[in-house]
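So the protein lines, in turn, are chains A and B. Here the first sequence stands for residues 1 to 206, numbered as in UniProt numbering. Here the second sequence stands for residues 1 to 312, numbered as in UniProt numbering.
For the record, the hints were derived by calculation from the structure and aren't laboratory data. Note that the coordinates shown come from a computational prediction; the quantities given were computed from them, not determined experimentally. Glycine residues also receive a C-beta, built at the ideal position from the N, C-alpha and C atoms. Check each hint, because a few of them may be wrong.
Across the chosen pairs, the derived CB separations fall in these ranges [claimed, not checked]:
id, chain 1, residue 1, chain 2, residue 2, range
1, A, 82, B, 169, 21 to 29 Å
2, A, 178, B, 219, 45 to 53 Å
3, B, 293, A, 32, 54 to 62 Å
4, A, 99, B, 84, 47 to 55 Å
5, B, 173, A, 33, 39 to 47 Å
6, B, 85, A, 99, 29 to 37 Å
7, B, 158, A, 82, 56 to 64 Å
8, A, 82, B, 101, 36 to 44 Å
9, B, 292, A, 36, 16 to 24 Å
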Amino acid sequence: MAMQIFEYNGSAVVAMVGKNCFAIASDRRLGVQLQTIATDFQRISKIHDRVFIGLSGLATDVQTLYQRLVFRHKLYQLREERDMKPETFASLVSAILYEKRFGPYLCQPVIAGLGEDDKPFICTMDSIGAKELAKDFVVSGTASESLYGACEAMYKPDMEAEELFETISQALLSSVDRDCLSGWGGHVYVVTPTEIKERILKGRMD
Amino acid sequence: MESDHVMMMRTTATFRTRSCDDCVRVRASLRRELLCANSFYKKSKAVNFHYFLRLSLPSSLFDPYIEGFFEVSLRCAMGDSQYSFSLTTFSPSGKLVQIEHALTAVGSGQTSLGIKASNGVVIATEKKLPSILVDEASVQKIQHLTPNIGVVYSGMGPDFRVLVRKSRKQAEQYNRLYKEPIPVTQLVRETATVMQEFTQSGGVRPFGVSLLVAGYDDKGPQLYQVDPSGSYFSWKASAMGKNVSNAKTFLEKRYTEDMELDDAIHTAILTLKEGFEGEISSKNIEIGKIGADKVFRVLTPAEIDDYLAEVE
Numbered sequence: 001m002a003m004q005i006f007e008y009n010g011s012a013v014v015a016m017v018g019k020n021c022f023a024i025a026s027d028r029r030l031g032v033q034l035q036t037i038a039t040d041f042q043r044i045s046k047i048h049d050r051v052f053i054g055l056s057g058l059a060t061d062v063q064t065l066y067q068r069l070v071f072r073h074k075l076y077q078l079r080e081e082r083d084m085k086p087e088t089f090a091s092l093v094s095a096i097l098y099e100k101r102f103g104p105y106l107c108q109p110v111i112a113g114l115g116e117d118d119k120p121f122i123c124t125m126d127s128i129g130a131k132e133l134a135k136d137f138v139v140s141g142t143a144s145e146s147l148y149g150a151c152e153a154m155y156k157p158d159m160e161a162e163e164l165f166e167t168i169s170q171a172l173l174s175s176v177d178r179d180c181l182s183g184w185g186g187h188v189y190v191v192t193p194t195e196i197k198e199r200i201l202k203g204r205m206d
Numbered sequence: 001m002e003s004d005h006v007m008m009m010r011t012t013a014t015f016r017t018r019s020c021d022d023c024v025r026v027r028a029s030l031r032r033e034l035l036c037a038n039s040f041y042k043k044s045k046a047v048n049f050h051y052f053l054r055l056s057l058p059s060s061l062f063d064p065y066i067e068g069f070f071e072v073s074l075r076c077a078m079g080d081s082q083y084s085f086s087l088t089t090f091s092p093s094g095k096l097v098q099i100e101h102a103l104t105a106v107g108s109g110q111t112s113l114g115i116k117a118s119n120g121v122v123i124a125t126e127k128k129l130p131s132i133l134v135d136e137a138s139v140q141k142i143q144h145l146t147p148n149i150g151v152v153y154s155g156m157g158p159d160f161r162v163l164v165r166k167s168r169k170q171a172e173q174y175n176r177l178y179k180e181p182i183p184v185t186q187l188v189r190e191t192a193t194v195m196q197e198f199t200q201s202g203g204v205r206p207f208g209v210s211l212l213v214a215g216y217d218d219k220g221p222q223l224y225q226v227d228p229s230g231s232y233f234s235w236k237a238s239a240m241g242k243n244v245s246n247a248k249t250f251l252e253k254r255y256t257e258d259m260e261l262d263d264a265i266h267t268a269i270l271t272l273k274e275g276f277e278g279e280i281s282s283k284n285i286e287i288g289k290i291g292a293d294k295v296f297r298v299l300t301p302a303e304i305d306d307y308l309a310e311v312e
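The shape of chain A in the complex, shown without the other chains (with noise of 0.2 Å):
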């Protein structure tokens, strides 16, 4: 059996738009190939109260990757004495990935935050930092096409907190569940202007 760097862990992150606010949901499975390690490992985080970025892929460059972003932006934070916008905080990740143009973090991140005016803004890149805007939802992972279906056929424009988090929620447990590499449950966080609300799926835990 050859394998595959990008399915050693098993991931599943998505992140949907609606209605001033966004979602971003991730599964919690750590597997190594076969074998699952943990089901509760942390793939989405906060860099700030308006911008979250979830990673999937290798889990060592996910939390290494992590630490280094966090690293960048409180640097940022205490130099000019605000938080990142999100499209900034994207094209900081973008050039931070490509900085390893031949040695690269194998990990495919999603951005997801609050812009000016209160506008979502999410976008995911490639693991050498291709980005990729959307308007709607962006999903990454060993369960990304399974996502991409369900996203399409469930997603709707507009959508308030709650129809939100119901969508990517049923969204991600139908896609993780098609998807041997990543489940037991889901980790959902919807933003809004005021509040932000973290939530644990129960799945099929497996």
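Start from chain A and add chain B according to the hints.
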């Protein structure tokens, strides 16, 4: 007396030398214990990228029970051969005399000033040319650093050119990384850092210019002064150069918090006129402004003439 051993050692070194032509600085250590540092050796002929060095070491080190190895690292003397130390050194009274002299150089330069209005910033300078034969259209003292940040100076023109070049590069690097125009404060800080580096490096002198940086970004209109020491201040209105004390007194009297950009330009012209030797005209002053449109522009001679007429 124990005789000292002489060892022939072969070691590889990769380093870039700038202007140290004849010698390399050698630092030798045994298991991290420093044997010699800062010994200068003439470079022997390189053979297949290896440098042969002769080192004298005390024989006590050749105890048969000591294990380990000699590590010789070659470090090239940075900067010009004799000047790896800074020329800007403290005086007994705690001052950096070179910086004081740099400020004197600034103080004998042509007057320049800046005023921050409620909806923009204006910077202006005298443009006294050494002779009437100089083509004044080719002389540009006010420069862009980015489309929304401009700068003017008092002091040495060539130093100004170098700083403008470095600042432009830093602004563009920021833009390339974040895809966002650099905030004025960040650019001023980076420029000031460069100026400070030249007061604490080997073989270099401080810059003989003070800069007035005018910009408009998300925080609104801003005016900063940067000195040769690397310190920077945000000003509502400031002046530098020959006529600084008269100009500042005049500005203190004339400045109001709710000034608009056009008023500020008039005040700037009047301030320049205060200490001006000879007839003021659009050919011997330069004015740059930036408004709420966030575009920095140097005024054309025709526009300056219009403002001069309004002021008369």
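For which of the previously enumerated hints does the structure constitute a violation, in increasing order of number?
-> 4, 7 and 9
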